[in-house]
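The working numbering applies: residue 4 is where the sequence shown begins, and numbers increase by one.
If you are wondering where the hints come from, they were derived from the structure by calculation, not from laboratory data.
One should not assume that every hint holds.
Dumping the calculated SDA-like pairs for lysine to any residue here, alpha-carbon to alpha-carbon at most 25 Å [to be verified]: (1) Lys149 x Leu50; (2) Lys149 x Val183; (3) Lys154 x Thr143.
Distance ranges between label pairs, derived from CB positions [to be verified]: (4) Ala109 x Ser76: 25 to 35 Å; (5) Phe29 x Leu93: 16 to 26 Å; (6) Ser46 x Ile186: 11 to 21 Å; (7) Asn117 x Glu151: 44 to 54 Å; (8) Pro106 x Ile83: 24 to 34 Å; (9) Ser76 x Leu40: 27 to 37 Å.
Positions of the beta carbon are idealized from the N, C-alpha and C atoms, including for glycine.
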Amino acid sequence: MAIETKADAGTRDTLISRSLFAFAIFYGGMVCIAGVLGNKQVSLGPLAVEAGIFAFLLLVVTSSAVAELQGRSTANRLVIIGFIPLLVSLLLTLVVLWIPASPEMAPDRLGAFNTMMSATPRIWLGGIIAYGTSQLLNVTIFTWLKREGGKMLWARSAIASVLSQALDTLIFITVAFYGVFPIQSLLFGQLIAKVTLSIILVPPLVYLFVWLGRRLDGVSRTTHS
4 MAIETKADAG TRDTLISRSL FAFAIFYGGM VCIAGVLGNK QVSLGPLAVE AGIFAFLLLV
64 VTSSAVAELQ GRSTANRLVI IGFIPLLVSL LLTLVVLWIP ASPEMAPDRL GAFNTMMSAT
124 PRIWLGGIIA YGTSQLLNVT IFTWLKREGG KMLWARSAIA SVLSQALDTL IFITVAFYGV
184 FPIQSLLFGQ LIAKVTLSII LVPPLVYLFV WLGRRLDGVS RTTHS
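Given the sequences, and given the hints that come with them, work out the whole structure.
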């Protein structure tokens, strides 16, 4: 049987779990891709919504799973650290837009790129505020419901997602588009879509992520004899 030294034990204690490592990488990727996907509107029945809502819902799923497995403080740190890839991706976008394009690049491709990647400061600001506020609210509600005796993971996931995504939509659309055009129809469509998806998709995905996390952590805790 292998003998574990104090140094080995100390090193092991400072390492994060496999599930947290995997979820943190996934979370950072979703933070970066959400804004890009938001450039396309998709049809969900009669509703036209930004495709970025799928990435944002996966952020909710990931933070909820981390809160279930690791606790509220760890999930909140994940959300805060998520600002790093978000801000870096925005700054890198500005740098790339500022650098002159190659003369060999086709004008139509350049125009499409600039149209897709350019955004007003209000849209960027709205996205940053909405991200931080809604994700922290999701973790808070999710863990509060558990502390108050709510053991049903499905119900906690749905309630936290519905409330946090409703706030996300209200903040983002108001900051980004208020005064530019009437926002009532867009606000209503986004709210209906996010509430519906939060009830249908988020709970089973949280179950899946928690199951995957426990499987990963179970493997990480095995010892060699």
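Outcome of the hint check:
Pair hint Lys149 plus Leu50 does not hold up; C-alpha atoms about 33 Å apart against a cutoff of 25 Å. At most 25 Å may separate the alpha-carbon atoms for a hinted pair to count; Lys149 and Val183 exceed this at roughly 41 Å. A distance of roughly 15 Å separates the Cα atoms of Lys154 and Thr143; the hinted pair therefore holds under the 25 Å criterion. Taking 25 to 35 Å as the suggested C-beta distance range, the pair Ala109 and Ser76 does not conform, at roughly 50 Å.
Distance hint check for Phe29 and Leu93: the Cβ-Cβ separation is about 20 Å, which falls inside the suggested range of 16 to 26 Å. Ser46 and Ile186 have their C-beta atoms about 19 Å apart, which keeps the hinted 11 to 21 Å range intact. The hint said 44 to 54 Å for the Cβ distance between Asn117 and Glu151, and at roughly 50 Å that hint holds. For the hinted restraint 24 to 34 Å between Pro106 and Ile83, the CB-CB distance of approximately 43 Å leaves it violated.
For the pair Ser76 and Leu40, the supplied restraint of 27 to 37 Å holds, since their beta-carbon distance comes to about 30 Å.
Violation of the numbered hints given earlier is confined to hints 1, 2, 4 and 8; the remaining hints are satisfied by the structure.
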